[in-house]
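A.B. asks: Residue strings, one per chain:
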Amino acid sequence: MKIAVILRQVPDVVEELVIAESGRSLAEDEVTYITNEADEHALEQALILKARHGAKVSVLSVGGDEARDALATATAKGAEDAILVPMPFENRGDNHHLAALLTPEMKSAGYDLILTGLSAADQRDAGLAGLLAARLFLPYVGGLICVTLDPSGSVATVRKEFPGGRLGVLEVALPAVLGIQSAEQPPRYVPVSKVSQAKKALQPKVLSVPAPSVAGLPIQRLLKPEAAGKAEMVPGDVEQIADWIVRLLRERGIV
Amino acid sequence: MTAREVIVIAEHLGGELSDITLEMLACARDVARTIGWRVTCLILADDPEPFKALPLASDRILIVKDPVLGSFNPTAYIRVLIHMLKELSPQLILLGNTSVGMDLAGPLSIGLNVPVASGCVAIRAADGGLVVMSRLLGGKLQARTEVLKGTVIALLLPGNYSREVGMRDTLPTAEIRPSPEPLGALPVRFLELVEPKMEDIDVRKAAVLVAAGRGIQSKENLAAVEDLAEALGGAVCSTRPVVDQGWLPRSRQIGRSGMTVKPRLYLALGISGAPEHVEGMKDSELIVAVNTDPDAPIFDVAHYGTTVDLLDLVPVLTERIRNLRGG
Chain S
0 MKIAVILRQV PDVVEELVIA ESGRSLAEDE VTYITNEADE HALEQALILK ARHGAKVSVL
60 SVGGDEARDA LATATAKGAE DAILVPMPFE NRGDNHHLAA LLTPEMKSAG YDLILTGLSA
120 ADQRDAGLAG LLAARLFLPY VGGLICVTLD PSGSVATVRK EFPGGRLGVL EVALPAVLGI
180 QSAEQPPRYV PVSKVSQAKK ALQPKVLSVP APSVAGLPIQ RLLKPEAAGK AEMVPGDVEQ
240 IADWIVRLLR ERGIV
Chain G
0 MTAREVIVIA EHLGGELSDI TLEMLACARD VARTIGWRVT CLILADDPEP FKALPLASDR
60 ILIVKDPVLG SFNPTAYIRV LIHMLKELSP QLILLGNTSV GMDLAGPLSI GLNVPVASGC
120 VAIRAADGGL VVMSRLLGGK LQARTEVLKG TVIALLLPGN YSREVGMRDT LPTAEIRPSP
180 EPLGALPVRF LELVEPKMED IDVRKAAVLV AAGRGIQSKE NLAAVEDLAE ALGGAVCSTR
240 PVVDQGWLPR SRQIGRSGMT VKPRLYLALG ISGAPEHVEG MKDSELIVAV NTDPDAPIFD
300 VAHYGTTVDL LDLVPVLTER IRNLRGG
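Residue numbers (numbering that gives the first Met the number 0), protein chains in the order written: chain S, 0 to 254; chain G, 0 to 326.
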């Protein structure tokens, strides 16, 4: 059983997001990167499957230099193969481009299962997994919170989220591409010392293929949303805010 | 030349159209009426009966009927949709930015060779084409994209168009067809739909909800939030990351794939306000948001907001409420 996991470096939305002068992207120098959260869950799900079935996990990390750190963390967690996929800043968030770039590698490696996050924080087109599946002529199901494999390794049973907390149970013939929403358990913690060791030992294969001419829709303008409404911001310190909330709740008959 | 057309790919569950279908129809109608395009609601189902005579805001209802289409099977849907959409050749294909729509967008994009815009909050006709506004980066930014020619697939975020506008007084024409593609021997099988387990409380029934987001930082800090909820006579709920960490059961998750709630008070603590969370709580009667980031999108839906640290505020507020209630 060969499992591939795709990890993408995306802007950390907890940080301030600065729009570039062009008005069409973020200011490159101002971006703080993190590994896309749903992709971290995809890795965790792959490692769970590895423990259960003895699968071999390959990790493809997409981005700039920061993508190397994600590879080191992934190998420290238990992934065997590390593949670096350099991606220029201007093509980040374009899953059409990324899917076209990854297709030849995915085809030749012959993975039984390809896992990645359902969506990425910076994406503006369709999810990567569905695009990749279509290019590889493989089945795709996304929005998953659980993946189990039958003993023969030919079928996966997945749990897919539907609105209202409902879960659909589906069977998918392998090979397949799956879009993970969250793993069966929170992504595992790995000590910093272990990551440092992995960083020193890391010798990733670097994917060097010509950039495909495929691209998703270009953004004409990136802007702060015009909110239909805006909260009335209440000034003051903690004591004043607490008093104010109590007054509000009394006025509304809530307390 | 055939009329220009918007196709809404309907979502349904248990014989009822989902809210997002009506919202997509409202969006389609808004685009179509300004430029005279036609709107078709395309429904894939095993039983056309519940859908064939609905007063939808479309020019026609087109139902593709096959026993395999009784439950959502992405491979079956894609096979049928690629055939139908090639035949209909619309300018705009609307999908929900939902669990169903997101499974279809990628394969349809490759199969039809058309681009996709996800996270759409508004679509309008302009200069012979379409202008699409999408949310990205946790809802903190918005992208404007122009599609001047050809077809585009747009994934519409729930909660941006009125469901009422998706209906009208008259019945559109309805046409029922068998599947244009054989749907045997599919690599995906739908086995069953599992209803949520209500292991503890049903947050949909609580009048007061104290909601914890990523800003809560650790499981230990949840105890203070529980105390506040108890003092207010309410319940604790949360965003997805808190549930994913295993700090609260899945039945407490609010948003796209969790619960939709409309309490009298929704106290949002350390919640950024990503679109997938906002979908589940935006209709609450009173929303008070606490977040140290003044740019957090939660302040776009909250009625009142403060940027003090929730970990400082919660114990003080709990004490005030307890004093008030004489406890």
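No lab work stands behind these hints, which were simulated from the structure alone. Do not take every clue at face value.
Claimed, not checked - Straight-line Cα separation of at most 27 Å, DSSO-like style, residue types lysine-lysine; simulated pairs: (1) S:229 with G:261; (2) G:64 with G:85; (3) G:261 with G:218; (4) S:193 with G:218; (5) S:229 with G:281.
Stated by the list, open to error - To be clear about the criterion: a stretch of chain G counts as covered by chain S if any three or more of its residues have a C-beta under 8 Å from a C-beta of chain S, and this derived list gives those stretches: (6) 24-38; (7) 58-68; (8) 215-225; (9) 257-263.
Remember, predicted model here, so these are calculated numbers, not experimental data. Built from N, CA and C at the ideal position, the CB exists for glycine as well.
A.B. asks: Against each hint, give a clear statement of whether it holds in the structure.
C.D. replies: Here is how each hint holds up against the structure:
no., hint, result
1, S:229 with G:261, "holds (19 Å)"
2, G:64 with G:85, "holds (18 Å)"
3, G:261 with G:218, "holds (26 Å)"
4, S:193 with G:218, "holds (25 Å)"
5, S:229 with G:281, "holds (13 Å)"
6, 24-38, "violated (count 0)"
7, 58-68, "violated (count 0)"
8, 215-225, "violated (count 0)"
9, 257-263, "holds (count 4)"
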